[in-house]
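Visitor: Chains as they are written, first to last, in the working numbering: chain V, 595 to 896; chain A, 595 to 896; chain L, 595 to 896; chain S, 595 to 896.
Warning: the hint list may mix true and false statements.
Below, in silico cross-link-like pairs of lysine to aspartate or glutamate (DMTMM-like), each with a Cα-Cα straight-line distance of 25 angstroms or less [to be verified]:
hint : chain 1 : residue 1 : chain 2 : residue 2
1    : S       : Lys738    : V       : Glu830
2    : L       : Lys888    : L       : Glu830
3    : L       : Lys888    : L       : Glu837
4    : A       : Lys888    : L       : Glu774
5    : V       : Lys888    : S       : Glu742
6    : L       : Lys888    : A       : Glu746
7    : A       : Lys888    : L       : Glu746
8    : A       : Lys888    : L       : Glu742
9    : S       : Lys888    : V       : Glu742
It is worth saying that the hints were derived from the structure and are not from the lab. Computed from a predicted model, the values in this text were never measured in an experiment.
Spelled out, the chains give:
There are 4 protein chains.
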Amino acid sequence: MTTLTGVIPPVCTPLTSEGEVDAGSLTRLVDHLLEGGVDALFVLGSSSEVAYLTDAQRRVVLDTVIGHVGGQVPVLAGVIDMTTPRVLEHAAVAVAVGAAGLVATAPFYTRTHPVEIATHFRTLAARGGLPVYAYDLPVSVHLKLSAELLLELAADGTLAGVKDSSGDDGGLRRLILAREAPFSVLTGSEVTVDSALWMGADGVVPGLGNVDPHGYVRLVRAAAAGDWEEARREQERLVRLFEIVHVAGSRMGGSSAGLGAFKAALHLRGIIDHPATAVPQVPLDDDETGRIGKHLAAAGLL
Amino acid sequence: MTTLTGVIPPVCTPLTSEGEVDAGSLTRLVDHLLEGGVDALFVLGSSSEVAYLTDAQRRVVLDTVIGHVGGQVPVLAGVIDMTTPRVLEHAAVAVAVGAAGLVATAPFYTRTHPVEIATHFRTLAARGGLPVYAYDLPVSVHLKLSAELLLELAADGTLAGVKDSSGDDGGLRRLILAREAPFSVLTGSEVTVDSALWMGADGVVPGLGNVDPHGYVRLVRAAAAGDWEEARREQERLVRLFEIVHVAGSRMGGSSAGLGAFKAALHLRGIIDHPATAVPQVPLDDDETGRIGKHLAAAGLL
Amino acid sequence: MTTLTGVIPPVCTPLTSEGEVDAGSLTRLVDHLLEGGVDALFVLGSSSEVAYLTDAQRRVVLDTVIGHVGGQVPVLAGVIDMTTPRVLEHAAVAVAVGAAGLVATAPFYTRTHPVEIATHFRTLAARGGLPVYAYDLPVSVHLKLSAELLLELAADGTLAGVKDSSGDDGGLRRLILAREAPFSVLTGSEVTVDSALWMGADGVVPGLGNVDPHGYVRLVRAAAAGDWEEARREQERLVRLFEIVHVAGSRMGGSSAGLGAFKAALHLRGIIDHPATAVPQVPLDDDETGRIGKHLAAAGLL
Amino acid sequence: MTTLTGVIPPVCTPLTSEGEVDAGSLTRLVDHLLEGGVDALFVLGSSSEVAYLTDAQRRVVLDTVIGHVGGQVPVLAGVIDMTTPRVLEHAAVAVAVGAAGLVATAPFYTRTHPVEIATHFRTLAARGGLPVYAYDLPVSVHLKLSAELLLELAADGTLAGVKDSSGDDGGLRRLILAREAPFSVLTGSEVTVDSALWMGADGVVPGLGNVDPHGYVRLVRAAAAGDWEEARREQERLVRLFEIVHVAGSRMGGSSAGLGAFKAALHLRGIIDHPATAVPQVPLDDDETGRIGKHLAAAGLL
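Take these sequences, add in the hints, and give me the full structure.
Guide: This is the structure in structure tokens:
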């Protein structure tokens, strides 16, 4: 596999009002993303509500997306679970359905250690059967993958890349400048994509890319063409659009507020049938949804 | 189900050197615990390495233990996973195999909220099919269940009890004094059992109880008989024995060090065949195992 | 100095409505505490609002209290500041006014390290001119003093004791059982005093002791006399009284809520003239004060 | 005062081997910075070891720097302390010596609340006598100033700006795009200066600017001239130079490692007489200093 680059949205998982995967909406969402020009897809990440999906539902998502994409772009599969043995089970499914790579966090729930994190990724690389991307998500995993560890695991071929959702762009840059050998550095930020690309990042995995894939594709293409002013213009429009994740304030958790906003926007845009999020998330109310509509209009998306 | 009381060890999961559940060792461990006089068993908790077991392995543990116990004591089942839908899947298995109750944490990995935590437990109580015990484990879940929330969920019948592994004995006491209606307050501490019982706790779920169930049973019986001096004497012996979890220092994670110590001790005592812990934990070395042997000898267990 | 034992309340600092130290109220508070039978006083701790007092105000507190006490009981002085050089300045004042000991935290605000914490306490012991007590307060200092470090600093004579306000009674017990040589272990808990004494703690430094010193003195004396039932009865009454720190809920910070409650109670009991807390804390409102009055009445204090 | 812009280094505080302020070295350092073309100076920030300086030493620093600068550039003064009353004392000194503005964090050590943080800054603005800049430093203060709060305090004129050392460049950008009225957004990052300027930041406060002010001035001037390629080239050189803060690894705290590296580099460059840092920081050893020398050479600074 060559180095992963470009726009790789973490695909939301549309649900029915009963909480089941809405495969029809999911394929429409995939069409929306492909039509937007994205370079790859990442399913079963945090934006996919992976933490809320049963194993059977995860399988439905993989089958639906990979089947529908039919090889047009690579599809990466999140294998999010607490420790190596459980992650390996998810990896086996991902291999069976034809995923192009695995995205895995460090162990969580357990009290772990850098030595164990290294063993975790090395075991996954040895037995997982696909290229492994580290998912650096301190808000969920409660630890930050250090540049030292990532560089060590890049150098020995364990990792094919990292999705950095830590928000620490200084750390991202340190990694970019210090890496040797092929190693994809992907930012998970919605709002510093132009600057991450400026620093040398290879690609972007923005949850907001579900709502406006065209915007992120224009942004990345402008940057690739050296038109940084245009890239910034797109980025600033998207920064303002990203305010949708704040409309719910503090009356719910950050996952409910963010994923609920993405789904409400997709529903308002007519792409998915239901804005439902999984239990026990709090649904957005009509006022919040109305404000999301205004943000969409201001961004030229309604 | 009546209020749960007494000594309820969180049963370790012996593994083969290939990382599979060692059912023979597991039944010997169960015999060791029953022979020690424990009042119930808790399988698939943190001390069981639940975070490392695949779903198939979890099922083997449930079948093995519940089958072997044959109704002599209640067996609680941990249903440890990230959110409600995944926890409900584990609950269905627990019901199918005949568990007596479910032990569940708040959601983790996601960014959650008290309102969502309440919905989580209420959904589990409504659909799980068994009494629900909250598992308060901030070191893993990265949040503390507040006394206010627990009391609300006790009052409305959602929760049958709590296993408090937060280490906050002041909070434990606040809960004990404020609860109304039947609600089991169980301490997860190894080292403040006499004082927790003194405060009115109903029972104890000590990981170290795998190694020395007789000690914890003597402790609890002495307390029940009002012989607090004897309870303290036992407790202080067990506090000293609990130093085994510190022999590995900081060269590995807390889970490796603690679970590795329990298993090394069980192996040294001849109860389980292998001291192996699951990947990617770091094994204890000979020196560390030797020091654990000395602690066992000092505690009169070798 | 012999080992410090018994009830050592951290003395609140009454303020005028202009935010100055109210020396008249402070001496009445000291009389209230001495009349209650306390064994020593601790001024300029967190309950004294030390973080809010200017250096001049700290000096007024020291002069007022030490002058008024006139040697009847030892007076410990908090020397709370970010690092060693600033702490040493406070220590020099404490020596000058006749304090009996220094109470110091680990460095805070800076990013520190166990080696530096050891140097900090050793420097303070060498140059501070008085016995040094470590103040373990993770909620403020954002680190926990490890048992290993405290035992090392106890063994070499650096520390005369520790005020443990970590809430981790398991850690407290580990320290009690492992210490050698004279080393005072004092709990900062309001609600686990009977159990801490049961474990072997030497004394208690409860903020709530400002409001009800007689209660804590009765508790400690009952425990010393072996009447643990009576100790528990007092403790449980005090646990219920301690609910006053929760009446303000989450509309203000924990310091405002807790210190405001202590001061409101002291004002309602007629001991201090104003319930004012320092800027920028939020004052309690009439409803909250009313509820504190009810708690006082229920505890037999109004 | 007009909006603060450009390079505003947080001036290190050279110390003698006895731990006193080395005024001769300090004035040479100031000359080095002015000669480098910086736009303003910030004294008594974290990079100045403000947490380690006594009040008398802080005064020496202010007098030395402001006296020596003689109005050539504005000098901002850190007023770092736990709460409002103590911060106001430092502000009075800053006014007396002719500082151009105050830099203050949220309250720390106490358990605070957004309402209290707003009162803190409003009180400081009302009584401090100088423009107030918020210092957002979660690594020290253990909270992040929210964009909502900063924007509210910008809109009502409380704050003249913010020094954002949170490392969260997405949050920085949100602030830049949402602010109205004059409000200086300054990044405290050493390594994302080009991108912060690209996003619209007004200036930079880099600790590494002590070592290489010319580099940061070239970077900022290139950006101002629209020569972003040149800005990036400078920035990448400085990212590599910034590795000096990592040479000490984990054998000391982050403050020792970072401030020790800056001072070692200034000493190696012949600007200050001693590389000493304040007690209880750990000094760098010869090997570490040697590696810093190599980094300086690679950056063209030796």
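Visitor: Check the hint pairing Lys888/L with Glu746/A against an upper bound of 25 angstroms on the C-alpha distance.
Guide: 22 angstroms, holds
Visitor: Taking 25 angstroms as the top limit, are the C-alpha atoms of Lys888/A and Glu742/L close enough?
Guide: 20 angstroms, holds
Visitor: Is the hinted pair Lys738/S and Glu830/V satisfied, with a Cα-Cα distance of at most 25 angstroms?
Guide: 23 angstroms, holds
Visitor: Holds or violated: are the alpha carbons of Lys888/A and Glu746/L at most 25 angstroms from each other?
Guide: Within the cut-off at roughly 22 angstroms; holds.
Visitor: So if I understand the rule, the pair passes when the alpha-carbon distance is 25 angstroms or less; does Lys888/V with Glu742/S pass?
Guide: 20 angstroms, holds
Visitor: Could you grab the alpha-carbon distance between Lys888/L and Glu837/L and see if it respects the 25 angstroms cut-off?
Guide: 11 angstroms, holds
Visitor: CA of Lys888/A to CA of Glu774/L, is that 25 angstroms or under?
Guide: Given pair Lys888/A, Glu774/L holds - Cα atoms ~21 angstroms apart, limit 25 angstroms.
Visitor: Within 25 angstroms, alpha carbon to alpha carbon, are Lys888/L and Glu830/L?
Guide: Roughly 17 angstroms separates the two Cα atoms, so the pair holds.
Visitor: Is the straight-line distance between the alpha-carbon of Lys888/S and that of Glu742/V 25 angstroms or less?
Guide: It holds: about 20 angstroms lies between the C-alpha atoms, which stays within 25 angstroms.
Hint check: no violations occur; every hint is consistent with the structure.
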